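2 protein chains.
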Amino acid sequence: MRLLEERIVKDGEVKEGGILKVGAFLNQQMDVALFEEMAKEFRRLFDGCGVNKILTIEASGIGIACMTAQAFGCPALFAKKGRTSNLSADVYTAQVESFTHGGVSEIMVSKDYLGPGDRVLIVDDFLANGAALNGLIKLVRDSGATLVGAGIAIEKAFQPGGDLIRASGVRVESLARIKSMSPEGGIEFC
Amino acid sequence: MRLLEERIVKDGEVKEGGILKVGAFLNQQMDVALFEEMAKEFRRLFDGCGVNKILTIEASGIGIACMTAQAFGCPALFAKKGRTSNLSADVYTAQVESFTHGGVSEIMVSKDYLGPGDRVLIVDDFLANGAALNGLIKLVRDSGATLVGAGIAIEKAFQPGGDLIRASGVRVESLARIKSMSPEGGIEFC
Chain A
17 MRLLEERIVK
27 DGEVKEGGIL
37 KVGAFLNQQM
47 DVALFEEMAK
57 EFRRLFDGCG
67 VNKILTIEAS
77 GIGIACMTAQ
87 AFGCPALFAK
97 KGRTSNLSAD
107 VYTAQVESFT
117 HGGVSEIMVS
127 KDYLGPGDRV
137 LIVDDFLANG
147 AALNGLIKLV
157 RDSGATLVGA
167 GIAIEKAFQP
177 GGDLIRASGV
187 RVESLARIKS
197 MSPEGGIEFC
Chain B
17 MRLLEERIVK
27 DGEVKEGGIL
37 KVGAFLNQQM
47 DVALFEEMAK
57 EFRRLFDGCG
67 VNKILTIEAS
77 GIGIACMTAQ
87 AFGCPALFAK
97 KGRTSNLSAD
107 VYTAQVESFT
117 HGGVSEIMVS
127 KDYLGPGDRV
137 LIVDDFLANG
147 AALNGLIKLV
157 RDSGATLVGA
167 GIAIEKAFQP
177 GGDLIRASGV
187 RVESLARIKS
197 MSPEGGIEFC
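Protein sequence lines, in the order shown, are assigned to chains A and B.
Per the numbering used here, the first sequence starts with residue 17, numbered consecutively.
Per the numbering used here, the second sequence starts with residue 17, numbered consecutively.
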């Protein structure tokens with residue numbers, strides 16, 4: 017998606033250690049006009065697939081998920097990291113290793129909100145090693161819902177997650193796929 | 017806001033210990049069509065105030081913040097809890113006590129995204145003792161931005177946060193104000 021690629025080049029910052037900072041427009045400050053365009057593109061890509069629920073993981077996927085839900089006319093749902101007192105005891109869970117925080121965390125979604133009647137599009141801001149996406153896929157499968165596919169804003173295509181998950185049979189559509197990046201050389205898209 | 021009050025009565029669950037579960041439509045599963053109506057109401061209430069940024073706190077405020085940002089035609093921004101590797105070192109911080117998690121956490125927002133040029137509307141899903149809202153107000157004040165006010169989905173008006181913050185001179189508009197609630201007696205609005 018040209019609009020997103022151009023924005024990454026304009027306002028993204030490549031840091032050492034494979035980190036791309038896009039907090040200016042994607043995952044801390046959120047340009048919702050851009051999100052609307054991204055949501056329309058997800059709608060175009062997954063049109064006719066009967067999507068009736070958008071699933072993401074807190075926190076940075078939530079904005080994109082809400083705008084995508086608006087485009088599909090369905091609810092959005094986010095998996096939580098760790099247990100809180102206002103979450104039902106009856107949850108689907110998965111283990112996810114965090115790239116940005118380090119360590120392993122448990123993600124979970126209430127059984128009340130995901131089940132066999134759902135046709136789920138997973139959305140997230142980043143796909144790199146695939147840890148978060150694999151966790152979300154497990155939640156969908158455990159619930160008996162149908163996984164339609166995954167819509168990702170930015171895929172680090174030089175990391176193996178996307179290809180491995182596609183090879184497992186899941187449809188993954190990424191709006192911007194980064195082939196390589198470095199603080200000196202900038203960003204090259206696929 | 018009648019639409020929200022009706023939805024709270026229909027799909028909310030009052031638990032022991034002053035907990036209102038609204039995960040079915042507000043803070044885990046998110047009814048974005050409802051959020052659109054809430055956002056329109058915030059726009060109506062704060063119209064003409066020059067709002068150019070919506071600020072919230074992760075995670076459950078983000079969806080409402082994005083829809084509100086769409087209604088105002090401005091970006092949304094969320095404060096993070098705890099430090100991560102992809103957040104700038106240069107941040108405004110505040111201490112916030114959590115009602116649902118217990119304990120105190122540090123919230124922060126990058127200095128890159130909040131400053132003297134901003135006219136900020138804070139939005140959040142709940143207002144009870146005011147801990148999160150006070151933390152967000154501190155971030156806005158420390159940044160030199162102008163605080164226009166706060167738009168809250170559900171205020172537990174039987175807890176002191178809202179009145180204390182209003183008494184300090186901040187305009188707080190809550191779409192549903194709960195006067196009392198109990199598992200046996202149900203919910204009474206102000």
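None of these hints come from the bench; they were simulated from the model.
Since this is a predicted model, take the numbers as computed values, not measurements.
Yeah, the Cβ is synthetic: ideal placement off N, Cα and C, and Gly gets one too.
Don't take every hint at face value.
[Said to hold, decoys possible] Straight-line C-alpha distance at most 35 Å; calculated DSBU-like pairs for lysine-lysine: (1) A:26 / B:31; (2) B:31 / A:97; (3) A:154 / B:26; (4) B:56 / A:26; (5) B:31 / B:56; (6) B:31 / A:195; (7) B:97 / A:195; (8) A:31 / A:56.
[As the list claims (entries may be wrong)] Some residues of chain A that are not near chain B, with every Cβ distance over 10 Å (derived): (9) 23; (10) 159; (11) 205.
Each hint, compared with the structure:
Note on residue 26 of chain A and residue 31 of chain B: the hinted pairing is violated, with a Cα-Cα distance of about 48 Å set against a maximum of 35 Å. A hinted pair counts as satisfied when its Cα atoms are at most 35 Å apart, and residue 31 of chain B with residue 97 of chain A qualifies at roughly 22 Å. Between residue 154 of chain A and residue 26 of chain B the alpha-carbon distance is near 31 Å, which keeps this suggested pair within the 35 Å criterion. As the CA atoms of residue 56 of chain B and residue 26 of chain A are separated by approximately 31 Å, the hinted pair is consistent with the 35 Å bound.
Distance hint between residue 31 of chain B and residue 56 of chain B is fulfilled; the C-alpha atoms sit about 30 Å from each other, no more than 35 Å. Under the criterion of a C-alpha separation no larger than 35 Å, the hint pairing residue 31 of chain B with residue 195 of chain A is inconsistent with the structure, at around 50 Å. Among the hinted pairs, residue 97 of chain B with residue 195 of chain A is consistent with the structure: their alpha-carbon atoms are about 31 Å apart, no more than 35 Å. Restraint check: the Cα-Cα separation between residue 31 of chain A and residue 56 of chain A comes to about 30 Å, which is no more than 35 Å; the hinted pair holds.
Against chain B, the non-interface label of residue 23 of chain A holds: every CB pair exceeds 10 Å, the least being about 13 Å. Every Cβ of chain B is farther than 10 Å from the Cβ of residue 159 of chain A; the closest lies at roughly 13 Å, confirming the non-interface assignment. Annotated as non-interface, residue 205 of chain A keeps its C-beta farther than 10 Å from every C-beta of chain B; the closest such distance is 20 Å.
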